[in-house]
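*Asks:* Listed here are the chains, written in short residue letters.
2 protein chains.
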Amino acid sequence: MKMTIYDVAREAGVSIAAVSQVINGKGKISEQRRQEIVQVMERLNYQPSVIASALTGKKTFTLGLLVPDISNPFFAEIARAVEDQSHHLGYSLFICSTDNKKERAERYLSLMQQKRVDGMIIGTGIANKSTLASLMKGRAPVVVIAREAKLAAKTVIIDDYCGGGLAASHLLEQNHVQVGLLSENEEVSSSRERIRGFVSKWNEAGLNIGADRIRICGDELVQDGKSQAGELLRGPNPPTALFCCNDLLAIGALKAAKELGLRIPEDVSIIGFDNTILAELTDPPLTTVAQPTKQMGQLAVDSLIEMLESGEKNDERIVLQPELVIRQSTAIKR
Amino acid sequence: MKMTIYDVAREAGVSIAAVSQVINGKGKISEQRRQEIVQVMERLNYQPSVIASALTGKKTFTLGLLVPDISNPFFAEIARAVEDQSHHLGYSLFICSTDNKKERAERYLSLMQQKRVDGMIIGTGIANKSTLASLMKGRAPVVVIAREAKLAAKTVIIDDYCGGGLAASHLLEQNHVQVGLLSENEEVSSSRERIRGFVSKWNEAGLNIGADRIRICGDELVQDGKSQAGELLRGPNPPTALFCCNDLLAIGALKAAKELGLRIPEDVSIIGFDNTILAELTDPPLTTVAQPTKQMGQLAVDSLIEMLESGEKNDERIVLQPELVIRQSTAIKR
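Chains A and B, in that order, are what the protein sequence lines are.
Residue numbering for the first sequence follows this note's numbering, beginning at 27 and increasing consecutively.
Residue numbering for the second sequence follows this note's numbering, beginning at 27 and increasing consecutively.
Incorrect hints may have been included.
Identical copies carry no separate label here, and so any pair may be met within one copy or between two of them.
Unchecked claim - Derived DSSO-like pairs: lysine-lysine, alpha-carbon spacing no greater than 27 Å straight-line: (1) Lys339 x Lys359; (2) Lys176 x Lys155; (3) Lys128 x Lys320; (4) Lys281 x Lys163; (5) Lys128 x Lys359; (6) Lys163 x Lys176; (7) Lys54 x Lys281; (8) Lys284 x Lys155.
In case anyone wonders, no lab produced these hints; they're calculated from the structure.
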């Protein structure tokens, strides 16, 4: 039997108007009451007529999330957190993955707008400034997550510069001097900041990092991380520690070290970034800089829906703090 | 500068009509020529006016993929393969994740239809038979991936029964007698078949598996796998080997064994299923039954687009063979 708005109102002990206010995101209704009504809707599996809302120009209760690579567990975990929170607030989520192909980002953004999502969360770099500008002027509000936008935009991000510094401090405390750095390509703002933060902390200690020690990896992160780490470890004055701008690069570095017969952490220390599910599984488990993935996903959705409901866009930056998680892939230099 | 159909035609050295045929998926044009034109479109970043196509009732060049949990690397890898192949054939992809909540599947299916996707790939169970029946009768063709549909439907799947048998044969060769099995919940057809195949092979060898040795885990796969494996390993006559219906459950089992101070594989052998990125990272690396994820994603998209272009639905089942990947988490029983 298909549930109607009447069933929801009766079950929740509220008026039909109150249920309608929840569905349409309008009217004065307390957050607690709203959540109670949403819970009844879920329990009864009630589905408001989204088509009707869309035709009358109202909301579609659909959000869009754009990520660079859904097979990178960091973005899969972000997607899960965003989906959870969206659903919790009564919205559905379309996830689009550009598979690291920049030209697909614009196509997906335009597609999401055509499909009339109410708002978009963007976790990819947008190469084209004019695309971004027109996006910001569009009907649907935008939140940028885990990346710096090139224009003023609502952003939920960690302090990547500080994260790079945390990794550097940890290695400095362990007496490492020769280090190698593995970065994503230079268009990835988070990688750039992590490297900048690392190098700055290293320089503060009176140490230098030669340009040839900072390696830019391509989109095949594990494979490219492995080959770049291999070159560093086989070269002259091999590094005793590697800082990798994400866990997938660090996994590549682990593979390279093992293939060369090096022990981790006795012969070489390796630090990752993101603290994905992968980090605690590697052999040895990976020391890494953690991003609060779940919190970031929640805040991005909350910010987006706040803009949607208030009708006012804002370009505030929410900056969360990263945290060093020490496992067994780093040790004092011998 | 915005590229037009004229730019594409000139660059590809073909007529505008030929480009139009590619865009609208109509007309006689060789597969090779079609791909050349698609490549030129990509290179020029040409975007056909999808809105115009949609308004005239033509295709939207959008596909939908529904998965139970995008944070499970198996489905993230399926999603990546489906996105890659969709893009290769000129389609965009919306990914929806139900976060293992069955009631969300129907909402997402209805949403995809409202958004006029040209076709859908479904990797979740659909609890409601009538939902499935109406889906099959709908405008957009459907392919089911990695799950058995409850009604006749085009399906791309592996032989899960055979996969369970492969795991059993491997453990039998290693002289294991006492085993424990970790399954997903009973509505997940792939898990049911894997368990059935395992038990059948075990029985063929004249051995029995008590019902209390087959544990059903909830949706928190790592956590529930850990607690169920822990109960088995702490109980009377603890198993010397555990077969887990996916890699996340196996990771839970690894954690449980380690917490109890058991060595893997010396004290207990553990086998997973899926051969995700996780399997080669665990300590020790996980013996697992591999699904050909990339091939499955490609075949699902190819099948869907074949139905789309021919206008004829079919309910053929494509059954691929799983493969045992032996790593270091299994050994001869001591």
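*Asks:* Determine which of the earlier numbered hints do not hold for this structure and return their numbers in increasing order.
*Replies:* Checked against the structure, the hints that fail are numbers 1, 4, 5, 7 and 8, while the rest are satisfied.
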